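> If you want the building blocks of each chain, they are given just below.
2 protein chains.
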Amino acid sequence: MRIGIDAMGGDYAPDEIIAGAIDAAAEIQDDDKLVLFGPREVIESKMPPDIAKMPVRIVDAPDIIAMDESPIDSLRKKRKSSIAVMAKMAAKGEIDGVISAGNTGACVAAFQMRMRNLPGVNRPGIAVVFPTFGGPVTVCDVGANIACKPVNLYQYAAMASTYCSKVIGIDNPTVGLMSIGSEDAKGNEVVKKAQELLKSDPKINFVGNIEGRDIFNGACNVAVCEGFVGNVVLKLTEGLVDGLFKAIKQELMQEQPELAMKFKPVIQRIYSKYDYNEYGGAPLLGVNGLALICHGSSSRLTIRNAIFTVKKFYSENINDKITDYLSETSVRTTDGQES
Amino acid sequence: MRIGIDAMGGDYAPDEIIAGAIDAAAEIQDDDKLVLFGPREVIESKMPPDIAKMPVRIVDAPDIIAMDESPIDSLRKKRKSSIAVMAKMAAKGEIDGVISAGNTGACVAAFQMRMRNLPGVNRPGIAVVFPTFGGPVTVCDVGANIACKPVNLYQYAAMASTYCSKVIGIDNPTVGLMSIGSEDAKGNEVVKKAQELLKSDPKINFVGNIEGRDIFNGACNVAVCEGFVGNVVLKLTEGLVDGLFKAIKQELMQEQPELAMKFKPVIQRIYSKYDYNEYGGAPLLGVNGLALICHGSSSRLTIRNAIFTVKKFYSENINDKITDYLSETSVRTTDGQES
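As given, the protein sequences belong to chains A and B, one line each in that order.
If you're matching positions, the first sequence starts at 229 in my numbering and goes up one per residue.
If you're matching positions, the second sequence starts at 229 in my numbering and goes up one per residue.
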């Protein structure tokens, strides 16, 4: 498998990205190749001297898209950015999968535009795996599509269930629909119609509406929601966990500094148990290709894990399974982009 | 002030509700009166023998609406429920404010239907005060209105700013608009249009778009969002905090039980510092009356505090200030319900 990696994307790029790629290069199989995208001289300066012996190639992409740039503007102006060049090569079939921890909006736009959608998919969605106290929960969509229709939510359920079962390893995963109450009558019009679609398909292990709190209590393995809500869920979770651990630390330091020292390894153990880096990025499900979008703060370990997640995505033929699934469903969908 | 209290609403009703009312009764002023709504014999059986000397009255409301009943159906069938009878008396001016920890949907429906909207308000919104590490943050709306228009978000900002400044005591509060990125261009159409309205009013201390994480990092004093998103934010926060503390406890009990015992009071101190019971319920801003909706799990203390919050709401003439504000704004609004 040929895996493209955006060496310039992320808060700790290029160092952590390249380090993660080098780690993975030592472990991957003989027929795998990693392709790093970015300014050639920058990447070369960070590579070890024995690069010629490693399964690593560099593709020069001199333009850099900053994390906070406007996605559409930056893609229009910076045609030689790592994201744009990588997306183009993937669309041509010159690489088999892509990984980026860069500007999420630019990634989604470039990957959708170049790779197009899988047959039967109206809108791709980003699926993030939340490590929770009730096990991993796959939440889709977290921001690829903020004008969500009922059929999109249905397709997120089908795609995220496939991903959850084949990549995360949960057989026949339960699916919850994010709403404002668990009763069927709760929710807005999009949610109510999506609920009907989900109920109509016996292949989806649908458990009904869920509420915000249910993400963390084992109510379901897959949670579907529109991208705006999913994005708020993702960022709120990050902000709250960070804030809460800071509050605990502050409280301990003020009152019992000796207890704070003892508590530190406990926090570290919890962090490592519920570490989202473990899942190495979020797939953009529904594009005709394999795209993994990583967190901006991705470390060397995240990138290393992302490479193995993409390999699993590839070896499990997730996209074929999604296409088969959607071609067999009785839920009406139209090919290609919806208006 | 005559304050109506739904004695039958909440997970711990009627005991905790009545106990909270009795606590407050000992502290309120001479011209205040508490009016308890529910089945007379149930309430009387929970009252102390010296009830005649207390500033407490009972209004018989024999029907009971369960926490998980359909709001509209239950109001239609149970015309003598505590929520329905209380809302009717408030609309007639026979009581000056209402408090309920019961079925939120039924409360919102009954209070809106009976009290009607303040002049200039299109849709009421529920404002919840989150005790955060960066100080209290007032989030509006958390679920009263799930078909939100830009003008509703603008009005939430105006109403919640007034409440935040007069009841929470934060002068000229900063206002953030919940979106999926802090840049102006991020967000759906409703958010983008609301942003224009918020920018056009110099009286609103608007700081721009915020993301989910910003609720907890002091980015703003008031956060406005549509009710679906706000409801997910509220319930997610509750679920995550509970889950995280459980995870810490479990980790400690497994590895260092002696440390767990020492850690318990730390958690308790954090809980009491960030205790939402302190703010005693969430106002339904924009109705022509004073309505406070409390959490289903409200304790005696929550109800006691809610009574003093309603008193402040009343003495600060919040509704007059909101009406004045909206009558002076240049942002176009129409009176009464919008279609």
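Just so you know, these hints were derived from the structure itself, not from any lab.
From a predicted model like this one, the values you see are computed outputs, not experimental measurements.
Hints may contain errors.
[Said to hold, decoys possible] Computed footprint of chain B on chain A, listed as stretches where at least three residues anywhere in the stretch have a Cβ under 8 angstroms from a Cβ of chain B:
(1) 309 to 320
(2) 456 to 463
(3) 480 to 488
[Said to hold, decoys possible] Coverage of chain B stretches by chain A, computed from C-beta distances (three or more under 8 angstroms per stretch; other residues unrestricted):
(4) 249 to 263
(5) 471 to 477
(6) 521 to 531
For each residue, glycine too, the CB sits at the ideal point set by N, CA and C.
> All hints are to be evaluated individually against the structure, with a verdict given for each.
Do the hints match the structure? See the list:
no., hint, result
1, 309 to 320, "violated (count 0)"
2, 456 to 463, "holds (count 7)"
3, 480 to 488, "holds (count 4)"
4, 249 to 263, "violated (count 0)"
5, 471 to 477, "holds (count 5)"
6, 521 to 531, "violated (count 0)"
In this structure, the hints that do not hold are numbers 1, 4, 6, in rising order.
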